[in-house]
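Chemist: Listed in order, the protein sequences are those of chains A and B. Quick note: the first sequence, position 184, residue 184 per our numbering, numbers continuous. Quick note: the second sequence, position 99, residue 1099 per our numbering, numbers continuous.
Just so you know, not all the hints are guaranteed correct.
Stated by the list, open to error - BS3-like cross-link-like pairs, simulated, lysine-lysine; straight-line CA separation at most 27 angstroms:
no., chain 1, residue 1, chain 2, residue 2
1, B, Lys1246, A, Lys71
2, B, Lys1307, A, Lys185
3, B, Lys1246, B, Lys1299
Treat the hints as calculated values from the structure; they're not laboratory data.
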Amino acid sequence: MPDTPSSDDKPRPVPRPRPPAAAGADRPVRRPVPKKPAEMPCEPWEGPLPAALQDRFGDSLTRVVLLGGQKLLVADSAEAFEVLSCLKQEHGFDYLVDVTAVHWPDKSEQFEIVWTLYSFSANERVRLKAGLAEGQLAPSVTNLYSSANWLEREVYDMFGIEFKDHPDLRRILMPDEWEGFPLRKEYGIVQQDSDWVRENLKIESAQ
Amino acid sequence: MAETTLAPPEVQAETLLDSNELVLNMGPQHPSTHGVLRVILKLDGETVLGTDCVIGYLHRGVEKIAENRTFQQFAPYVDRMDYVAAVSNGLGYCMAVERLLDVEVPPRAQAVRVILTEINRIASHLLWLGTHALDIGAITPVFLCFREREEALKIFENYCGARLTTHAFRIGGLQYETYDTFEKECLDFCDLMEQKLKEYHDLLTGNRIWVRRTKGVGILNAADCKDYGVTGPLIRAAGVEWDLRKAQPYCGYENYDFDIPTAETGDTFDRYMVRMEEMVQSCRIIRQAVDALPEGPIKGKVGKVIKPPPGEAYVSIEAPKGELGYYIVSDGSLNPYRVRVRPPSFVNLGALDKMCRGSLVADVVAIIGTIDIVLGEVDR
Chain A
1 MPDTPSSDDK PRPVPRPRPP AAAGADRPVR RPVPKKPAEM PCEPWEGPLP AALQDRFGDS
61 LTRVVLLGGQ KLLVADSAEA FEVLSCLKQE HGFDYLVDVT AVHWPDKSEQ FEIVWTLYSF
121 SANERVRLKA GLAEGQLAPS VTNLYSSANW LEREVYDMFG IEFKDHPDLR RILMPDEWEG
181 FPLRKEYGIV QQDSDWVREN LKIESAQ
Chain B
1001 MAETTLAPPE VQAETLLDSN ELVLNMGPQH PSTHGVLRVI LKLDGETVLG TDCVIGYLHR
1061 GVEKIAENRT FQQFAPYVDR MDYVAAVSNG LGYCMAVERL LDVEVPPRAQ AVRVILTEIN
1121 RIASHLLWLG THALDIGAIT PVFLCFRERE EALKIFENYC GARLTTHAFR IGGLQYETYD
1181 TFEKECLDFC DLMEQKLKEY HDLLTGNRIW VRRTKGVGIL NAADCKDYGV TGPLIRAAGV
1241 EWDLRKAQPY CGYENYDFDI PTAETGDTFD RYMVRMEEMV QSCRIIRQAV DALPEGPIKG
1301 KVGKVIKPPP GEAYVSIEAP KGELGYYIVS DGSLNPYRVR VRPPSFVNLG ALDKMCRGSL
1361 VADVVAIIGT IDIVLGEVDR
């Protein structure tokens, strides 16, 4: 509460006197130590599928884990297409659920591309991630899955990641003449929006 | 907005003289595009040679907004994506954050979640049925469907005060206990729906015009559905018996007895029949959930400050339109580091070109209607 006189002239309540100190009160007050955030449970993923993948791809699969109970693979971006192609053709992951990316500006590989796959026959979901440096091309999986077409266009639109051999790589949600990529962490949304509105709609932005 | 890859006018004129090709613009202000969808059609006479969708008119940057809000603050925003099925959106988001936090939701909260989500599924399908029939030229169903949808919205209004963007659930459970006549109103709604669905069948299912306009139109077979990532009633109409409520049960769906309706050919009529049957199955689930509604707390052990540990999770549910997924990355702070929404409407709309090729231009209207898109979710 701010230390300004209140508008009404009611006397402020007098704080109740503290109860007499119990024995041993001269000891320093023990404050609770702030708890460190718990880690998500992460354990190695074992079974025929991860074993087959590790045999085939060796060190280019850097992580094969169950993160919070969900199957996660991390691969080199150079091998990512091969891993996806192997998952589809040899292990029956016939449904590409999602392609997206995460931007980590402080890492040397700034972008992380995330593919989520599902197998109808095994009722199993797998997530594959690959790091990507700024300006590096990502592999396009449009010739494996038709659904990748729009999903990759959205990743390009939002992050500026270009996909090699994509048949029709152009913006999908933002206007074609838009500058910048909105889901990058350094992107300031208000400034960009005001500029675009002023230029294209000839009015001042309401932001 | 975005100009497409059309040739300059003089080249167009030349090619138009050489062939019968015509480029026709449909939307974004067109009554049967269900919002602001622009479809550019390349026609040869009345036959569609190809389509190009221009979307993004409703883009609000929901995923960017998420990064600047706390986990609780973002929860109402998800209702604004698929505003016809806001309860499903909220359920998916809450489940994803609960997964990050590793929180158990009490049984009573789960049962109420199931009841409200299924009522919302019926409301969403009713809106689809009304507008889809209207697009094809049947005026009456839209009035009947909106009349019944009103009853569903009244239940939401009585429960949480909002009709469309409900924000009915909270991370960890529910905010509100149910009201006195909740169970009765839910059962009355099921009675009403089962009676009215017969009425819709009488109006449409045997109607010759309806059958001629929908049978064999916009066929998408099972292999194409998987290839294009198409889910929900569309893939079930193509004969794949796949529903996330059965395949990977969540929220206690494994306790309820219901069937997955399927069809064979995957045309517009099949998708109509699948959705009609889904409403019947939803009524079955609601009845079971209301009958066995357990007593107990409605919120799990969630602190006032929601701060999941660093990590990530992908959680998906069976929304009325298909697989709705949330991929959330947490860096251990109060705000999500990244929220990705895997929208069923967006991915399903990606198959529009495949479904339209070779059909007549009048059928494009039927096909857009049968995909059941909500542009708020396509554009986010």
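Chemist: Each of the hints needs a verdict: does it hold here or not?
Modeler: Results for each hint:
no., hint, verdict
1, B:Lys1246 with A:Lys71, "20 angstroms, holds"
2, B:Lys1307 with A:Lys185, "20 angstroms, holds"
3, B:Lys1246 with B:Lys1299, "25 angstroms, holds"
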